[in-house]
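Enquirer: Take a look at the letters that make up each chain.
2 protein chains.
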Amino acid sequence: MSIDLTAISITEEVQKTFDGAEDERVKELFTCLVRHLHEFTREVRLTSEEWFKAMDFLERVGKTCTPTRQEFVLLSDILGLSVLVDLIYHPGGGSVTDSTLLGPFYVEGRPTAKNGSDISGEVEGTPMFVNCRVLDSDGNPVVNAKVDTWHSDGEGFYDVQMQDKLHNHLAMRALLTTDAEGRFWYRSVTPLYYPVPTDGPCGEILRAAKRSPMRPEHVHFWLHADGFEPLITMLVRSDDPYLEHDAVFGVRRNLVADFVHHDAGETAPDGTRMNEPFQTVEWTFVLSRAED
Amino acid sequence: MSIDLTAISITEEVQKTFDGAEDERVKELFTCLVRHLHEFTREVRLTSEEWFKAMDFLERVGKTCTPTRQEFVLLSDILGLSVLVDLIYHPGGGSVTDSTLLGPFYVEGRPTAKNGSDISGEVEGTPMFVNCRVLDSDGNPVVNAKVDTWHSDGEGFYDVQMQDKLHNHLAMRALLTTDAEGRFWYRSVTPLYYPVPTDGPCGEILRAAKRSPMRPEHVHFWLHADGFEPLITMLVRSDDPYLEHDAVFGVRRNLVADFVHHDAGETAPDGTRMNEPFQTVEWTFVLSRAED
Numbered sequence: 008m009s010i011d012l013t014a015i016s017i018t019e020e021v022q023k024t025f026d027g028a029e030d031e032r033v034k035e036l037f038t039c040l041v042r043h044l045h046e047f048t049r050e051v052r053l054t055s056e057e058w059f060k061a062m063d064f065l066e067r068v069g070k071t072c073t074p075t076r077q078e079f080v081l082l083s084d085i086l087g088l089s090v091l092v093d094l095i096y097h098p099g100g101g102s103v104t105d106s107t108l109l110g111p112f113y114v115e116g117r118p119t120a121k122n123g124s125d126i127s128g129e130v131e132g133t134p135m136f137v138n139c140r141v142l143d144s145d146g147n148p149v150v151n152a153k154v155d156t157w158h159s160d161g162e163g164f165y166d167v168q169m170q171d172k173l174h175n176h177l178a179m180r181a182l183l184t185t186d187a188e189g190r191f192w193y194r195s196v197t198p199l200y201y202p203v204p205t206d207g208p209c210g211e212i213l214r215a216a217k218r219s220p221m222r223p224e225h226v227h228f229w230l231h232a233d234g235f236e237p238l239i240t241m242l243v244r245s246d247d248p249y250l251e252h253d254a255v256f257g258v259r260r261n262l263v264a265d266f267v268h269h270d271a272g273e274t275a276p277d278g279t280r281m282n283e284p285f286q287t288v289e290w291t292f293v294l295s296r297a298e299d
Numbered sequence: 008m009s010i011d012l013t014a015i016s017i018t019e020e021v022q023k024t025f026d027g028a029e030d031e032r033v034k035e036l037f038t039c040l041v042r043h044l045h046e047f048t049r050e051v052r053l054t055s056e057e058w059f060k061a062m063d064f065l066e067r068v069g070k071t072c073t074p075t076r077q078e079f080v081l082l083s084d085i086l087g088l089s090v091l092v093d094l095i096y097h098p099g100g101g102s103v104t105d106s107t108l109l110g111p112f113y114v115e116g117r118p119t120a121k122n123g124s125d126i127s128g129e130v131e132g133t134p135m136f137v138n139c140r141v142l143d144s145d146g147n148p149v150v151n152a153k154v155d156t157w158h159s160d161g162e163g164f165y166d167v168q169m170q171d172k173l174h175n176h177l178a179m180r181a182l183l184t185t186d187a188e189g190r191f192w193y194r195s196v197t198p199l200y201y202p203v204p205t206d207g208p209c210g211e212i213l214r215a216a217k218r219s220p221m222r223p224e225h226v227h228f229w230l231h232a233d234g235f236e237p238l239i240t241m242l243v244r245s246d247d248p249y250l251e252h253d254a255v256f257g258v259r260r261n262l263v264a265d266f267v268h269h270d271a272g273e274t275a276p277d278g279t280r281m282n283e284p285f286q287t288v289e290w291t292f293v294l295s296r297a298e299d
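Heads up: the sequence lines are chains A and B, in that order.
Under this note's numbering, the first residue of the first sequence carries the number 8, and numbering increases by one thereafter.
Under this note's numbering, the first residue of the second sequence carries the number 8, and numbering increases by one thereafter.
For the record, the hints were derived by calculation from the structure and aren't laboratory data.
It cannot be assumed that every hint is accurate.
[Stated by the list, open to error] Just the calculated beta-carbon pair ranges, DEER-fashion:
{"no.": "1", "chain 1": "A", "residue 1": "Asp26", "chain 2": "B", "residue 2": "Pro248", "range": "32 to 38 Å"}
{"no.": "2", "chain 1": "B", "residue 1": "Lys23", "chain 2": "A", "residue 2": "Val267", "range": "31 to 37 Å"}
{"no.": "3", "chain 1": "A", "residue 1": "Pro74", "chain 2": "B", "residue 2": "Thr54", "range": "20 to 26 Å"}
[To be verified] Among chain B residues calculated to face chain A with C-beta under 8 Å, some are:
{"no.": "4", "residue": "Ala14"}
{"no.": "5", "residue": "Glu20"}
{"no.": "6", "residue": "Phe37"}
{"no.": "7", "residue": "His43"}
{"no.": "8", "residue": "Met62"}
{"no.": "9", "residue": "Leu199"}
{"no.": "10", "residue": "Met221"}
{"no.": "11", "residue": "Asp253"}
Cβ atoms here follow ideal geometry from the backbone N, Cα and C, with glycine treated the same way.
Given only the sequences and the hints, what does the whole structure look like? Please build it.
Expert: Written out as structure tokens, the structure is:
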């Protein structure tokens with residue numbers, strides 16, 4: 008290693024230190040990462056003061072993370088990185104359902120639920136009935152698919168953002184299983200557009216850029232089934248004011264769904280005559296075979 | 008914002024969201040950062056699994072940080088970023104002393120000390136006498152310069168790494184002030200080469216790359232004086248086995264110093280006849296005028 012380094016030669020010196028990696032992918036990833044990190048730093052002539060701020064910022068992002076608050080995922084989301092990773096492998100537009108980003112509100116350890124059950128927990132709001140089918144690309148039902156779903160309440164808050172009110176239990180999220188016809192269905196409350204959390208470090212970036220923190224109304228789904236590629240996706244409300252202004256770039260044309268309004272007195276998909284207004288969402292998800 | 012994004016078009020869509028930043032530098036930094044982050048991600052075709060690992064890794068780096076353990080600074084150090092930021096603004100090789108990286112062991116709130124005092128705290132080791140001058144580029148003494156100094160013990164450990172043993176006090180670090188001739192001097196113990204901390208997330212990178220974690224023996228200095236540019240630098244032992252294998256790329260030819268051995272019976276710079284072996288280090292630091 009040279010001790011006569013320059014702002015140019017340093018890059019190759021650092022890259023060489025990854026030559027000994029046994030895993031070729033480790034070598035490839037870090038060689039490329041170092042090149043882009045260094046090129047960025049040289050191009051903007053990053054100052055010592057800016058570097059200190061970046062170190063402090065990243066530390067605070069890490070410290071903001073909890074099992075229910077993924078601030079690094081949010082940082083990746085608002086920089087378009089999460090969607091990019093998805094787009095590289097799932098350009099979409101084909102015969103199977105498009106995927107999109109996971110978002111920061113997925114929580115492991117969510118409850119399981121039976122089809123038809125009300126997964127809203129203790130949360131009040133306009134009833135929403137979700138009725139979906141899961142098919143393979145030949146139109147055959149995918150039986151016993153595991154379907155994670157999660158969404159916000161009618162004020163745009165997820166359960167993990169109101170644990171005081173919910174007495175530390177999860178709500179508006181569940182793991183369902185498709186029946187013999189590939190169907191899954193549940194009742195919950197209607198979500199709303201909402202801002203991504205702006206009380207942490209990521210909020211500083213959004214405010215500095217005068218960016219909207221809003222996401223259009225949507226319901227998340229994560230589907231797993233034996234023999235199929237897992238699918239992380241969401242359905243986005245077609246008439247939402249933020250449809251084309253998503254803070255995390257997650258909307259894809261093929262995932263825009265009608266959240267249909269029904270007046271009080273109409274009959275819900277489960278046969279209940281409703282004495283209040285409600286919404287229905289129907290969708291057919293098509294999974295890609297693992298060997299495709 | 009388009010809802011027909013591709014793995015190429017996403018980059019410009021994200022960059023556009025920074026157009027509204029009032030601070031032109033914020034816009035410049037994020038536009039360039041997004042481009043390089045996205046180019047990196049596309050070039051290596053980052054997988055979803057690798058992205059998850061990266062999110063988890065960065066969270067753990069943040070959580071490893073404490074007031075005395077700067078794991079993000081260490082990450083920047085082992086990727087050559089810290090030295091690069093320094094090299095861009097301080098290419099060195101001129102008439103003033105070269106700068107180099109701060110390292111992760113600088114601690115705010117270090118004790119002040121008088122010239123000639125022993126700053127080793129309760130730490131035992133081979134005595135080291137450091138005698139330096141601080142001059143401007145015309146050779147005039149810089150009076151009342153504030154000089155932070157910090158170094159490891161004879162086993163390569165900093166005070167903050169052995170707080171149990173030291174009963175929570177700092178050692179081998181102090182803030183000194185230059186006298187009317189620009190001199191500062193102190194007694195301490197001789198440091199040793201040492202590994203950067205490998206028990207945290209950064210250790211995983213070093214092990215994956217089979218990189219040496221070692222840094223050659225050195226003493227840190229951070230000089231401040233009215234009318235001069237601050238100088239963050241270090242002196243590195245000339246005959247150290249790791250001189251050309253520094254894990255954080257911090258050695259610069261102009262900062263290689265002789266750590267001179269003296270036998271028992273010789274007289275120390277402070278006039279003491281020593282009954283044990285000791286070392287001496289002498290150096291002249293030259294500061295750059297703030298208006299230069």
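Enquirer: Compare the structure with each hint and give your call.
Expert: Here is what the structure says about each hint:
1. As the Cβ distance of A/Asp26 to B/Pro248 is approximately 21 Å, the hint placing it in 32 to 38 Å is violated.
2. Here the CB-CB span from B/Lys23 to A/Val267 is close to 33 Å, well matched to the stated 31 to 37 Å.
3. Checked against the hint of 20 to 26 Å, the pair A/Pro74 and B/Thr54 passes, with Cβ atoms roughly 24 Å apart.
4. Interface hint status for B/Ala14: upheld, as the beta-carbon distance to the closest one in chain A is roughly 4 Å, under 8 Å.
5. Hint status for B/Glu20: holds, given a least beta-carbon distance of 6 Å to chain A, under 8 Å.
6. For the restraint placing B/Phe37 at the interface with chain A, the shortest Cβ-Cβ distance is roughly 7 Å, inside the 8 Å limit, so the hint holds.
7. Given the 8 Å rule on beta carbons, the hint for B/His43 holds: about 4 Å separates it from the nearest Cβ of chain A.
8. At its closest, the beta carbon of B/Met62 sits 5 Å from a beta carbon of chain A; the interface hint therefore holds under the 8 Å criterion.
9. The criterion of a C-beta within 8 Å of any C-beta in chain A is not met by B/Leu199, whose closest approach is roughly 19 Å, and the hint is violated.
10. Contact between B/Met221 and chain A, as hinted, is not supported at the beta carbon level, the nearest pair being about 12 Å apart and thus beyond 8 Å.
11. A cut of 8 Å between beta carbons decides the hint on B/Asp253: the least distance to chain A is about 7 Å, and the hint holds.
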